[in-house]
Structures are given as structure tokens and as C-alpha cells.
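Given chain A's structure and the hints, the job is docking chain B onto it.
In order, the protein sequence lines correspond to chains A and B.
Numbered per the working numbering, the first sequence spans residues 633 to 1112.
Numbered per the working numbering, the second sequence spans residues 633 to 1112.
These are computed hints drawn from the structure, not numbers from a lab.
Keep in mind that a hint or two might mislead.
Note: identical chains are not told apart, hence a pair may lie in one copy or across any two.
[Unchecked claim] Listed next, the in silico BS3-like pairs over lysine-lysine satisfying Cα-Cα at most 25 Å (straight line): (1) Lys656 / Lys877; (2) Lys823 / Lys635; (3) Lys980 / Lys658; (4) Lys658 / Lys852; (5) Lys656 / Lys852; (6) Lys635 / Lys693; (7) Lys877 / Lys905; (8) Lys1102 / Lys987; (9) Lys891 / Lys656; (10) Lys980 / Lys877.
Number of protein chains: 2
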Amino acid sequence: MIKLDDIVFLTDLYEFTMAYTYFKEKRHEEIVYFDMFTRRTPNSGGYMIFNGLAKLIEGIKNFKFQKEHIDYLRECGFQDEAFLNYLLEMELDIDMWAMEDGTVCFPNEPLVTVHGNVIQAQLIETMLLLSINYSTLVATKASRIVTASRGRSVLEFGARRAHGYDSSLDGARAAIIAGCVGTSHTLAGHKFGAYVSGTMAHSYIQLHDSEYDAFLSFAKINPTNSIFLVDTYDTLGSGVPNAIKVAQDYLIPNGYRLKAIRLDSGDLAYLSKEARKMLDEQGLHDCKIMASNSLDEFIIDDLIYQGAAIDQFGVGENLITSKSEPVLGGVYKLIASEVNGVIHPKIKVSDNIEKITNPGFKRLYRFYDNTTNKALADYIALSHETVPEDKLTIFDPSAPWKRKDLENYTIRELHVPIFVKGQCVYETPTLQDIKVYAAKERETLWDEVKRLQNPHTYYVDLSQELYDLKMDLLLSLTEK
Amino acid sequence: MIKLDDIVFLTDLYEFTMAYTYFKEKRHEEIVYFDMFTRRTPNSGGYMIFNGLAKLIEGIKNFKFQKEHIDYLRECGFQDEAFLNYLLEMELDIDMWAMEDGTVCFPNEPLVTVHGNVIQAQLIETMLLLSINYSTLVATKASRIVTASRGRSVLEFGARRAHGYDSSLDGARAAIIAGCVGTSHTLAGHKFGAYVSGTMAHSYIQLHDSEYDAFLSFAKINPTNSIFLVDTYDTLGSGVPNAIKVAQDYLIPNGYRLKAIRLDSGDLAYLSKEARKMLDEQGLHDCKIMASNSLDEFIIDDLIYQGAAIDQFGVGENLITSKSEPVLGGVYKLIASEVNGVIHPKIKVSDNIEKITNPGFKRLYRFYDNTTNKALADYIALSHETVPEDKLTIFDPSAPWKRKDLENYTIRELHVPIFVKGQCVYETPTLQDIKVYAAKERETLWDEVKRLQNPHTYYVDLSQELYDLKMDLLLSLTEK
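Next comes chain A alone, as it looks inside the complex (with noise of 0.2 Å):
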């Protein structure tokens, strides 16, 4: 298990090498600043939900070294006990700034910003990237199978195939607050308030002497949670009708209802229509229909194109992993060096135009227009800009020609303080909170950039000034 203790080696050695280094060039109080963003959207989606800084809180709050770690970076080869010491008394004293959880974003934001000395700044890499990569992800996965549910409700059932315990719990509370109604995990239930739910496995009907024994059995004693797994033996000749008979032997003549049926294998279309028929038939039409079985949002999108009467999804492997598409690539690079309070930009070329970065110290503007309320376009500046507030001609950065005048906007600054001198300034709010957030800023995307498939691509662009920026930065380099 991992320790609060461990933070500070959640580290990848090559942070651990470029401090010492620094340390003994002497250059280890140079201030720098750090931008952490992504390339892209995964599955190629038209927007990703902001998600992990609760736990990159937690993880700088506690990013302190012990006399072990120090013992270990000696027989690694860090021998200069200089430097040891300075690890070993060091505080953090960074400066952050981020999205909050539940923020709409797109690739090439800066999506936390730090500014420290660049040891500091430096070694908090990994674990900066390993706390947002992951739940950005999730919490933006969750976010595509809930659009996809139009309305149904969905329940995350993932905890099993996650990539470890934390992963389980970070994934559940990513899918809540990109709108999931639940989860499995009675661990998310506990630490975050999560609304948790689940009756039964196929085991606690096998146990039984039938199928019937042990959905009257369940009834009988969780008469309020009836919520029968019908698909043990056989879904329609046997599974179905011992839950309605159930239902009518024992919990309606003792004024319950029966809750749901929930279906895990075979065909979900047909499945749950003839299973709502025979359910219609008894009237028993308060009876929910549940689904579960390798759902994912397009599975979810064609069974409600095939009019499947599927009421609620529980969505396990594919959620909690992101199985389509796995890895939110976010990266962590430096944007700036500041001497003596000047701010000297710093940019990173590639062959490939998508990897060359954004120079600077920058902040990031969203505009909503003031009579839809949606959001227009996203806007990045450099810091000591100041952004027009009635009018703004905005251009592509990727094609500088195409243009968009904006007017009649309402202008928002999307980053947060976080720490201010190693101090943290922000509370985090609660998970119910951080999911009505979320909800609200999904509501300020129009549909089509909402769509699962080819999306419309958002705008996100640069100031003149942060254009001219980084083309002259560019051209110095390849003058060089």
C-alpha cells in the first residue's frame, strides 16, 4: 500500500538526477514556471472534464522527505550531503494555480500552472501528473456514457477491474461527478458521500435451492432493495417470471413493490423489451430495468437506438478504465524562467506543430455569450494582458487567417489560486458540489461539441500577442 510518507518518491529518478544537478550548478533557486496540459482529447471527444486536483492537493500537502528517503537517494548515488539536506528540509514554497474538479477543458490549456524554484517545481512532476491524468480521464469517459444515456441513469460498477485500490476509488468519484448517478464502491459511499447501490451476484441465487427460493428469500429480507439478477439460468423462461411471481406471492400482497430487474448477459435489446412486456403484462410497470455486461457509451447509444427498455446502466471495465482509449496523455512542461522578476518565456519545438508548446506565463479566459449563456470560445493570454470586454477579434493559432469576432460575452477567468507560497488557499468542495458544477458547466457546451462522434471542435485560442510570442521564438530557434 501506499503511505502518505511515499508521496515524495512518486517520482520518476530522472526529477531526482536534474535536482541534483541544478543543486550543484548552483542553480537550483531559479524560478521557473511549469504548464501542465494535454495534446488531445481522448476518443478523439470534443471536450474532457477537468478532474484530480483534490488529490494533487493532498499530494503536495504532503510532499515532504524523510530521513528514509534520504538514505535511499545516498546508495542511489546522490552523495553530496549537501544536497541531501536541503531534500530533507525542504518545504514547498510553490505557487499553483488550476482548474477546478469539474471544469470543461480542452487540449492545449493550462490546466494547473506552477511557478517555484525549480527543484521544487521540478520534482513534483510525477506525482502531478500521476493525480490528474488518471481522473481527468475518467471523470471525461464517465461524462461521454452519460450523454450517451440521454437521461437514464447510469451507476459505476467498475471497482474490480480498476488498476489498483486507488484507482477504484478515484475512478468512482470521477464517474459521479461527470454525472453518474452511483456507484458500487462502498468505499466512495464512505469517504466521499457517494450515493452506493447492489443487491445481488449469481452466486446468492445459486446457493439456493432455485432461482424462485432465492429471490423470495431476498425479498423477505430486503424488502424495500428488490432488485432481482434475472439472468442465473435463463433470462425469459425463468428469471423474469420468478421475479414477477415473487413479486406477486410476497411483495406486493405486503405493500412493496417490486424495484428492478437487472440483466447482465445475452442480448440487452431484446432482452429488456420482451422482459418490459411481461413485466407491462402483471402490471408491474413501476419495475425498473437495469443492464449491465461490457457496457460503454456506444454499446449504450445503439441499445437506445434499438428502443431497448433499459431504465438504468451500471458500466463497469470500460468506465473505470477508460477501456477505449486508456491514457490521457498530460504533460508537464516548462513555460517560463524568471531572474530577477522578469519573466523570460520558454518554448519546446518539435517536428510535430501540435507538440511545439505555448510559451509564457499565461491565463486562460473562457467567453460566454450573453444570451445563450454557452460558452464561445476559449481565450490564452499572457498574464500581464488585459482581455477587451466589450469586443475581440479572435483567430485560429493553426491557421491564423480564419477569424471570429466576438461581442456580447461575459468573460471568466478559468484558473484558480491553489497555493500561494506553499500555502494552500483553496477548499476543496464536496463531491455533491464538485457534480452539480460539473452538470453546470456541461450545460454551457452546445451539443455539438458534445457529440461521441466527430465532434465540433471548440476554440481555443492565443492573444496576438502570445501568437507573436511564439513565433518569434520559434524563428530564434531555428536561427540559431
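Same frame as chain A, but now just chain B:
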């Protein structure tokens, strides 16, 4: 962060609902058997590397309710104080058999078998699957990558893209077990004694006035660890020449060597061949070439096919997330109940023949050819059966007319006892010992089983008695 105390809540809520129901049915002391197994291999590979036992042991040892858990369950609606007290006082006294970490395994084989009362055996399901699924998945993926590398060394570099903190560590451990020579993950070095390495990121070079200055300064401070990242500006135009220049200007005159260069972007086949020529022309034959950038077994295979001059591969997100197939669908199924010491085998039917379980308490044997020492077949028998030591005819359970005579073999039972009446009777070997064991395990497989695509299907057969039992149970269920 997940704490040891949280382990008991790494549990889908339905396990508690079932436990509660069994308790109210007064069936909670009934004895059952569960098997954990997979139905297929990830990436359609020919084998898997079992892994996660060390984690599972830690989980079971710490599966203990605290008052806070009981309070939460009461909130969830389990308002029977006798039940809650039963949980609070519960000490796991299960028996457990499992393969050892690093063992080669196959679909439909019991990887873990649990024997105990129905509440205990049921409650640990989620945590058990969570412990084994990911660790086995990544060990299996890493083994494929190591196979593709054909003797060149592979380093695990994926921490920042892992699905959470413990995934980064467990993934690094799995990679080492499966044959990676090291990892970038500092905590894996500290906790497990893994070989850890890492030198510089692009940011280090960007913070110096020139690439040459960066390399030179790094070489002076880390003369025995001179591995230069050469793609920050222009790999062949500046990176490799600057690396060579620093070797000639500083390293060689001072008695050191240029250890390696690292390519992290661009056409790795072309760049490595050109870089090799440039290095060799300057007599730097001993300078290794290392490559990273979204590698996996297929890209590595192709690079080698193209004659890339790469000595070492750094593999990141595609390994640690098993990106090409990020889910090991391990399941945990009821296989028997036991009444007064008599075992009653249970079967789970399905329309899908592959999903039908193997009933009963079973043992798993591997047959090795005495001439080649290669594994011939695995053989699953009921626990009371004896296995002939000289001669055996096995048959394919999905095509029973396909028969094969075995002789001149050595038999090995693959399960070892892990817990006996709740007491751990197994000592987890060191990472280094598991790595050596796993390498020997892989040696027992024919290359045809290990190849990446369309591998030979290894025989996993059932004893005649087990096969007959399965058929009888199926027949009796369909006659119901």
C-alpha cells in the same frame, strides 16, 4: 489516499447486501468454495503471467472492520446489530490456494481458490479481483514487450500515465517481474529494490543557454551517468553532435565514457541508425542508444525488423496501462458448497459455452516433458483425484474427440497453500527471486506459445471425472 484500514471497504456494496441476507437466513456459517480465473488472455496472447499475490496477501491480512465501517453500514440500511457486531468481530479464517507470482498461467484455470464461510468468501471478492486483475494484466503485457525486444533491455517508464498512485508502483513491480531490467519509479526502487534509472528531461536542456552547455554541465556533475536526451532541438543536427562533442571535450579526456544517448521523438528506426553511424565514426562504439516514445511490443518488433540500432527501450503508458487491452477480465465464481464435509459442486451456466464454469474443488497440474523440460499441458482434476504418474491421455474439453497421449513427463501441482484457517502460511519471495522464477517459467514455454500474434493454444484440459461431472450438472440444470 487509501489506507490499510480502508481495505475492508474496497468492496462492492452487493457483497454486504448478500452477507446481510445470508446472515438473516442463518446461512452465514455455510462453507463454500470460490475460484478466481480469467476466460481469455489479453491481446489474444498465448499465456499470462500470474501476479498480485503479494498484494492480495496484504489485503487479506488487513481485512478487518473498524467501528467507522460499521457505522457507515448502519447508515446504508443494514440495521441489524447482531449482523453488524458479527462483522466487527470477524477475523478471516479462510483457506486459500493460489499460484505464485510469476507463474505462467492460462484461461479457465483456477488462479486462486478460496474456501471458507459464505460471508467471508463473498466479502473479499472485489478486493481479491482488484489485487490480481491489474497486476496479472501488466505482468502479461510486460512479458510480451520483453519477448518483442529479443534480448535488448526494457525499462519501465510509465509512472505518470498510470491509473493512480498504487497502479504506478504495482505496474513497475509487474514490469520487473516480467523481465524489464528496471524502472524510472523511485518508490519501486526504495520498496522493492528494483533497479531505477533516469537522467534528464527536455526542461533541463531548455534551462541552459545551449544544448552543448546542458550536456557539458551534466557530464561534469554526473560523469559516470552520461545519458543525454538528444531530441530537444534537432536530433541529428545538434543533439547527437553535441553529445559526441561533450564526450570528446570532457568525458574521454577525463577517463569517462559517453554511456548512452536517448531518442524520444521522430523516426526511431532512421534516427537510431544514423546516430549509430555518427557515434561509431568517432569511435564511440560502446555508447548505447536508448529509445522511448509510445513504444509497445508491436512497435518494438517492427523497429527491430527495420534494423533499428536501439540497445534499450524505455516503455511508458502502453505498458503501465496495458493500453492495447487495459482490462483483465478476471472473475470470482462459486464452485461448490460444503455440507458436513461433503462437497457439492456448483456450476454457472451461460448461453456462451466459454462462460460456463468448471465445477467443484479442483487441483491444477502442469506436465513437463522429461526430454525438453518444456510444458506439455495443464490438467485440472477434482481435488480427490490422483494423477497417473507414467501415462495419461488428455482431451480438449471443447472438442473431446481430440485426444493426446502423454508419457515421459514430470508433474507439478501449480497451487500452493497461502492461508490456512486465516493464517498466512506463505512467505512472499523478494522481487529479485520472483523475477528469476518468472524467467524460468517463461523458459518452459515453446516459442510458439510466446509469439505475439496468433500463438499456439496451450492445452488446458479437464480430467475425465471433472468433465463428466460438468456434463452431468449441465444436463441436470437444463432438465429442471
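Comparing the hints with the structure gives:
no.: 1; hint: Lys656 / Lys877; verdict: between (78 Å within a copy, 22 Å between copies)
no.: 2; hint: Lys823 / Lys635; verdict: both (17 Å within a copy, 12 Å between copies)
no.: 3; hint: Lys980 / Lys658; verdict: within (24 Å within a copy, 67 Å between copies)
no.: 4; hint: Lys658 / Lys852; verdict: between (74 Å within a copy, 13 Å between copies)
no.: 5; hint: Lys656 / Lys852; verdict: between (72 Å within a copy, 10 Å between copies)
no.: 6; hint: Lys635 / Lys693; verdict: both (13 Å within a copy, 17 Å between copies)
no.: 7; hint: Lys877 / Lys905; verdict: within (19 Å within a copy, 73 Å between copies)
no.: 8; hint: Lys1102 / Lys987; verdict: within (13 Å within a copy, 57 Å between copies)
no.: 9; hint: Lys891 / Lys656; verdict: between (68 Å within a copy, 21 Å between copies)
no.: 10; hint: Lys980 / Lys877; verdict: between (68 Å within a copy, 23 Å between copies)
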